[in-house]
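Novice: Listed below are the residues making up each chain.
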Amino acid sequence: MGTTTAAGLGQRDTTGSPRSRLLGAVTLLAVAVLGVLAFVLTDPDVRIHPTTGEEFGQFDAMRLLYVHVPLVVMAYLAYGLCAVASVGVLVKKTPWWDVTAHASAEVGTVFCGLVLVTGSIWGRPVWNTWWEWGDVRLMSTLVLFLMFTGYLALRRTTDDPRRQARRAAVVALVAVLDIPLVNRSVEWWENRTLHQRSTLGELKIEDLTLFTLFFGFVTAGLVLGWLLLHRFRVGWLEQAAFDHGVAAAIAERHAESDEAEVRRAVGERTAEEGPADQGGFTGGETGS
Amino acid sequence: MTHVGYLVAGWGIVVGVLGTYAVVLVRRGRALSGRVPEAHRRWLEAPGPARPGDGPVDKRGAGA
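Heads up: the protein sequence lines correspond to chains A and B, in order. Per this note's numbering, numbering through the first sequence is continuous, rising by one, with the last residue being 288. Per this note's numbering, numbering through the second sequence is continuous, rising by one, with the last residue being 1064.
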C-alpha cells in the first residue's frame, strides 16, 4: 500500500484528502481567531448595579461560554445526524448509514462530554457550584450523554453486525428524544433550573460579544465537520478491512479445500491403479 | 483578568480533548489504510467501484 504521491495527494495511507486537509487548515485558523476574539478583543461581562453602584456579572468567566454554547449546539447537530442516519439504517439497510450513525454518535458524545465539563467549570465561579443535581437542564444533558455512551457500548456487545446496527439505530432514535427536553427544559421547568432562558433568542448580548459567540458556532461547526469526516472514513475503513479480511480468509479456505480435494483425488486414483503406480509416484516425489 | 484558572482549565480541556481525539482518528485511519486496498478508499479518488456494501445487498449485512 503505497506512499505514492500520484495526483499530488501525498501520503496515501491516511484518511486525509486534499479537501479535508484544506478544511483542517481553515479549522485551525478559525480556532486561533476565536482565541484572539475571546481573550483579547472582547470585554469581560461587568455591569454596574443601578442603586448600589457595585460591579457584578460573570466577569472573565463568560469567556468560557464562547466554547460551551457552540459545543452544545454542535452536540445537538451530531446527535440529530445520528438519528437521521439511524432511520436510514432501518429503512435503506446499507452500511453507509450505519457508519454515518456510528461516527456522528461518537463525535456527538465527545462534544456532549465537553459540554458537561465546561459547563461545570463555568458554573463554579458564576453559580458557586460545580454541579446541581436538581437542575433539569444539567440532568437531562447528563441523561443524553449517558444514553449515547450506552449506544456506543451497545455497538461493541455483539458479533452480529446486522443485529448490532438495528439495535443501535433503535437506541439512537429513543435517545435523541431527550434533545427537545434538554433544549426546552429552562422554559418548561423554569423554577427547577439555574440556567437562564436563551440570551440569543431575546438578544440580550450585542456587538463584539455576539459576533464572537457566532464565530464560536462557525468554529465548532468546522471542528465537528472535520471530526465527522475523519471518523466516518475510519469507520468505512474498519468495514472495508473486515470485508477484506473475510474475503482473504474465504479465499485461503477455498485454496486449502481445493488442495485437499486434489490430494484426495490423487490418492483415490493411486489406490485404484495399484501398488506399482504408487511406487512410481513415491519415486517421483523423492526424486524431485 | 479574573478566573484565570477556570479559563485555562475549560479552554485547555476542550482544545486538549478535541486535539487528542483528532490525532487518535488520524492514527487509526493510517493503521487501517495499510490493511485496505486503495480501491476501498474513495477519498483518494482511486479507480474502481469497490466500497463495502455496494450494490443492493450488503455483503456484511451491517445495515439490515
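Source of the hints: derived by calculation from the structure; they are not laboratory data. Any given hint could be a false lead.
[Said to hold, decoys possible] Selected chain B positions facing chain A (in silico; Cβ < 8 Å): (1) L1007; (2) V1023; (3) R1035.
[Claimed, not checked] Some chain B residues near chain A, calculated using beta-carbon distances under 8 Å: (4) Y1006; (5) W1011; (6) V1026; (7) V1036.
Idealized CB from N, CA, C, for every residue including glycine.
Novice: It remains to establish, for every hint, whether it holds in the given structure.
Specialist: Here is how each hint holds up against the structure:
Evaluation of the L1007 (chain B) hint against chain A yields a held restraint, the C-beta minimum of about 6 Å falling below 8 Å. A least Cβ separation of about 10 Å between V1023 (chain B) and chain A goes past the 8 Å threshold, and the interface hint is therefore violated. Of the supplied interface hints, the one on R1035 (chain B) holds, with its beta-carbon coming within about 5 Å of a beta-carbon of chain A, less than 8 Å. With a least beta-carbon distance of about 5 Å to chain A, the hint placing Y1006 (chain B) at the interface is held under the 8 Å criterion.
For W1011 (chain B), the suggested interface contact is upheld, since its CB lies about 6 Å from the closest CB of chain A, less than 8 Å. Annotation: V1026 (chain B) was flagged as interfacial toward chain A, and the flag holds, the nearest CB pair being 7 Å apart, inside 8 Å. At its closest, the beta carbon of V1036 (chain B) sits 4 Å from a beta carbon of chain A; the interface hint therefore holds under the 8 Å criterion.
Hint 2 alone, counting from the list given before, is not met by this structure.
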